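Q: Protein chains in written order, with the working numbering: chain A, 9 to 525; chain B, 3 to 537; chain C, 240 to 424.
Check before you lean on any hint, since a few could be wrong.
[What the hints assert, rightly or not] The list that follows gives simulated cross-link-like pairs (lysine-lysine, DSS-like), each with its CA atoms no further than 30 Å apart: (1) K492(A) - K419(A); (2) K113(A) - K188(A); (3) K79(A) - K509(B); (4) K187(A) - K333(C); (5) K333(C) - K492(A); (6) K350(A) - K277(A); (7) K505(B) - K476(B); (8) K205(B) - K255(C); (9) K343(C) - K492(A); (10) K535(B) - K247(C); (11) K463(A) - K492(A); (12) K31(B) - K498(B).
No lab work stands behind these hints: they were computed from the structure.
Fair warning: this is a prediction, and the values are worked out from it, not measured in the lab.
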Amino acid sequence: MKRRNLSWLALGSLFSSSVWADMQLNLTKGVTEISREVYDLHMLVMYICTAIGIVVFGAMFWSMVFHRKSKGAKAADFHESTKVEILWTAIPIVILIAMAVPATKTLIAMENNDNADVTIQVTGSQWKWHYKYFDQDIEFYSVLSTPRDQYENQNGSSAEKGENYLLEVDNHLVIPVNKKVRFLITSDDVIHAWWVPAFAVKQDANPGFINEAWTNVPEPGIYRGQCAELCGKDHGFMPIVVEVKSEADYAAWIEEQHQMTANAAAAEKASLNASVSMDELMQLGETTYVAYCAACHQVSGAGLPPAFPALKGSPVALGDISTHINTVFNGKAGTGMQGYGKQLSLKQIAAVVTYERNAWGNNTGDAVQASDVQSAVGGAEQSMSEKVTDEVKAVVDDVVAQVAPAEDLTKEYSHDELMKMGEEVYMTACAACHQASGAGLPPAFPALKDSAVAKGDIAVHLDMVINGSKKNPAMAAFGSQLTKTQIAAVVTYERNAWGNNTGDLVQPAAVDAASAK
Amino acid sequence: MTTDVIEQESHDSHDDHHDDSHGKMTGIKRWLYTTNHKDIGTLYLWFSFIMFLTGGAMAMVIRAELFQPGLQIVEPDFFNQLTTVHGLIMVFGAIMPAFTGFANWMIPMMIGAPDMALPRMNNWSFWILPFDFAILIGSFFMESGAPNFGWTFYAPLSTTYSNGSTAFFVFAVHIMGISSIMGAINIVVTIMNLRAPGMTYMKMPLFVWTFFITAYLLIAVMPVLAGVVTMLLTDTYFGTSFFDAAGGGDPVMFQHIFWFFGHPEVYIMILPAFGIVSTIIPAFSRKPLFGYASMVYATSSIALLSFIVWAHHMFTTGMPLFGELFFMYCTMLIAVPTGVKVFNWVATMWRGSLSFETPMLFSLAFVILFTIGGFSGLMLAMTPVDFQYHDTYFVVAHFHYVLVTGSLFSIFAGAYYWLPKWTGHMYSESLGKWHFWCSLISVNLLFFPMHFLGLAGMPRRIPDYALQFADFNKWVSIGGFAFGLSQLIFLVVVIKCIKGGEKAAAKPWDGAEGLEWTVASPAPYHTFSTPPKID
Amino acid sequence: MNKGTEQKNIQSSNSKVVKKLVLIVFGMFGFGFALVPLYDVFCDITGLNGKTNGASVAYAADGIDTSRIITVQFISRTAQGIPWQFEPMEREVKVHPGEVKFVKFYAKNESNRDIIGQAVPSVSPGLAAAYFQKIECFCFTQQPLKGGEEVEMGLQFYVDPELSEDISTLTLSYTLYDVTGKVDS
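Isolated chain A (complex conformation) (with noise of 0.2 Å):
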């Protein structure tokens, strides 16, 4: 009697770690309109199945109770029927036909990807996600925040598992609410999948290749998901959470994003000129360290070898620092170590180095400072966007400066000037397609140099510049898109060059009456 009472007892503690009525038994509805669908197609495929299953167990444990041996059943004789088996071949056909119109429905939907309103990249790497948006200049990692202490159980720690145990991370993933949200997935290493149940929303993310899928989520809050394609150790801790924000909410938000980015860039700065003191680079090195190498260096810096090689005594953490410091920034091709130059700020990766090279017994005494991160990796000054950005502007400040001045079409130009600036404009406008030699690329692309248009009447070739090719598309109408003087320019310059000769100088003037007609 006791001992049954016991085997009650601890069987009861089975459920002592959580409610019954907390557990989900079916498929999340979701919040998204497709995320409904399916789970309507999902009922119904199960409602058939049960429906099936019913009748086929039924009439088999009909047989197993009525037709029993033990009861003095005697066997029939029948072993064929063909209006039978026609029958049970039709019967499936049609309910088939019937799940599959509703699914293709669906599906035609979940693959319109068209008419996105905001557009995110998701790359995955090991183990952690990446966002970037497509329209703002805002990207940035997301990792699992759920503590160490709190999952690694095998080495005696015992902390006890949070709310969202696994399913957290430092830096959310925010779209707005009630707009057409388009992934594109990818990966950096292995194959991951990108999935978020409540969205119904699940796509591999292939090295080299980009997947797209789309969500439009009418509610805002936290919805939470996981990677679902085994990509290696740490498989199990990348997980996934959106937060969809109200619209006011998100360009707050945005707005945010903009300011930290701004605030990162003047902290970089910043950190190159300062001297951090060793207690400080090992302090900061210890927490960089354990967020972001202890999952496969291990705390204890043994490594998991050979994947993960040991930074105890390594001759990477022992020997060359810049050696140690490139391997830090940019990775190793070819195998699991990534490049942590854009994850990490300088600061970090000097204080990971220090760390590295000084924990463990290690004790090289080497105290490594931000600007030594950045001599180690070369010449990379400024961080990516704001190096494009740069970039962009002094294109378009180039332009800006040739436009501003009014032109003045009464102006007559040498041979030398027209042809020096023909020169430039020919480099810029047309020499992808015409190619700098002039010999083109024909077919599609032909030749300049002794070409008919170039050394014939100076009337076509000019409107062939101005108004673009009647006959072939490729060749762009550059009348809106370069003065008239930079027409005059490069008509000159065309007719010039690669031994053309024709000793035509066309000046603004004419490209003036020219655009006239």
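Using the hints provided, position chains B and C relative to the given structure of chain A.
A: Relative to chain A, chains B and C alone:
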């Protein structure tokens, strides 16, 4: 206990006059050099059972780790090694060799042939297997560790990002491939050339038909597997770029080629099960199999369809819409011949005279539980919903229903059914029933809640999970341990049956049909040296 | 019909079947490899996986369809281990189907060693890939850059007017890989 078999069988083989065969050797040499189909069948069956226990032990560790949230016992990387090798061992080491064992034992006896057509190759195809799996399991003890990229070994996780076990893995797959191909060639040649006079194709037992079709599937797709692992090898070590985007390759192509092998492979593991169950259900219903011809056609059409559905394993890889639709429709179509089979089994039982010995119990459980696996398969075929199911525990539940309560249960059913013929003794019916009921209850406790876990959103192949999955995982693990322990009952049954027990008659089952029941129990070392007459 | 000849007959027909089956085995092994070019053909036809043409094509559209505007977005990514800055100089362009466009990408080798890069394109949606025609592209060849060197790389393309009406946005993604040391001569 093997020596007992030898003694047992050597008594019965004194009437051996066949001039072609060398006499039986004794001790280990008998087993090393044997070309006898019954010996080789026995070897295959024991080997697969040992592999089943080995793979099962790995599953126990996996379930122990998943018993509660948090990393308790193993490191995540070792966890991945366990799931990978568990899958490989169960597919290539347990299920497939077990069926080959059945084929070796039963096909010659069922078609009235003296032996397999190519007995020496038969010896080879078995004996490379133990070495092969020694290599695979041995990789656990190497510096690199065992393969950790899943039994589906998707590139580039298995190439550029592998832990260094790829070469051993590829070598092991090549050898098991060669073994399967040799076994399959042997089965085809035997069935084509050694049928007793008068046994036309449409008079062959359905068991023989399913193995015939399976053998053809093996011959068609095992070379493709060999090809894809070869590409994997050269990508990893010889600088080719089949699956590496940097060199113009494509990692998704790996999945296409792999599943071109992989989907027929799934049927390689279930068609023989259909054959076994189609033999047992009529025997214990005391009524001929309903719709023999339609069973043959259904099996063939399942085999043919299996070549054009492979991409339903990869709906989330970003296929164009019409590709997804094509593979969805084809996959749904497979439900039709599969349904025909289930209906035929039910019709066979209908108005029969049923009795419930252990083989029948396992067969009945097979029909019901395999059908449940079929239902979840149908659900998975629906592309839009598959986006939710894909790579979750729902898939794990699905294929374990098909492979454990499907293939494995049919193997148990077949083993109980023919044990009297193999050993000459009846097995202990009460222990057999214990084995059945323990297995039935525990296997459902093990796999049924996995459906719920998957639907609730638990991804597969993870060593730790969020808290809302905790309760079900506990139950699943308990079911897992119980199922594992239940299999030890089977071991006891078999050993007891070999050692002794009630003497079995030539035909211990009154409803059984087939040539194998016309010879004595245990089957003499050489049977049908003179072919029987079939009318 | 003595036993010996019967035995021989069976053996010869056995070896016939075995030969046929072995032939199938080798055939299927070959077929596994044949799937590689077949897959590429299949991808070309269907645009599976967003594969685009790997070599220059001539302009072959008949006319510009000015009634439609297609937005072409550019995305660039660097694979791990290649210390290059690599960005499109325009984020997106709007084109009419049939219109030839020229855009530039910027690349800079930020390390102090010489590196050879290879950009691998992918177009999404995959169905549009077959209609995205590259006349000239830096991705056709490998790009060597000395340490610290920078370059502007051109891409000239047009969108085939046959592109399905349902598609109005195309995304072209380039992933840059470090192929130093695996360069084919």
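Q: None of the hints should be skipped; say for each whether it holds.
A: Consistency of the hints with the structure:
1. K492(A) - K419(A): With a Cα-Cα distance of about 11 Å, the restraint between K492(A) and K419(A) holds, given a limit of 30 Å.
2. K113(A) - K188(A): Between K113(A) and K188(A) the Cα gap is close to 19 Å, so the pair holds against 30 Å.
3. K79(A) - K509(B): Measuring from Cα to Cα gives roughly 23 Å; hence the hint holds.
4. K187(A) - K333(C): With Cα atoms ~22 Å apart, K187(A) and K333(C) stay inside 30 Å; holds.
5. K333(C) - K492(A): holds, 25 Å
6. K350(A) - K277(A): The given pair, whose Cα atoms are some 15 Å apart, holds under the 30 Å limit.
7. K505(B) - K476(B): Roughly 44 Å between the alpha carbons, so the hint for K505(B) and K476(B) is violated.
8. K205(B) - K255(C): Holds: K205(B) and K255(C) sit about 24 Å apart, inside 30 Å.
9. K343(C) - K492(A): With a Cα-Cα distance of about 25 Å, the restraint between K343(C) and K492(A) holds, given a limit of 30 Å.
10. K535(B) - K247(C): OK: K535(B) and K247(C) at ~21 Å, within 30 Å.
11. K463(A) - K492(A): holds, 20 Å
12. K31(B) - K498(B): holds, 25 Å
Against the hints set out earlier in the document, a violation occurs for number 7 only.
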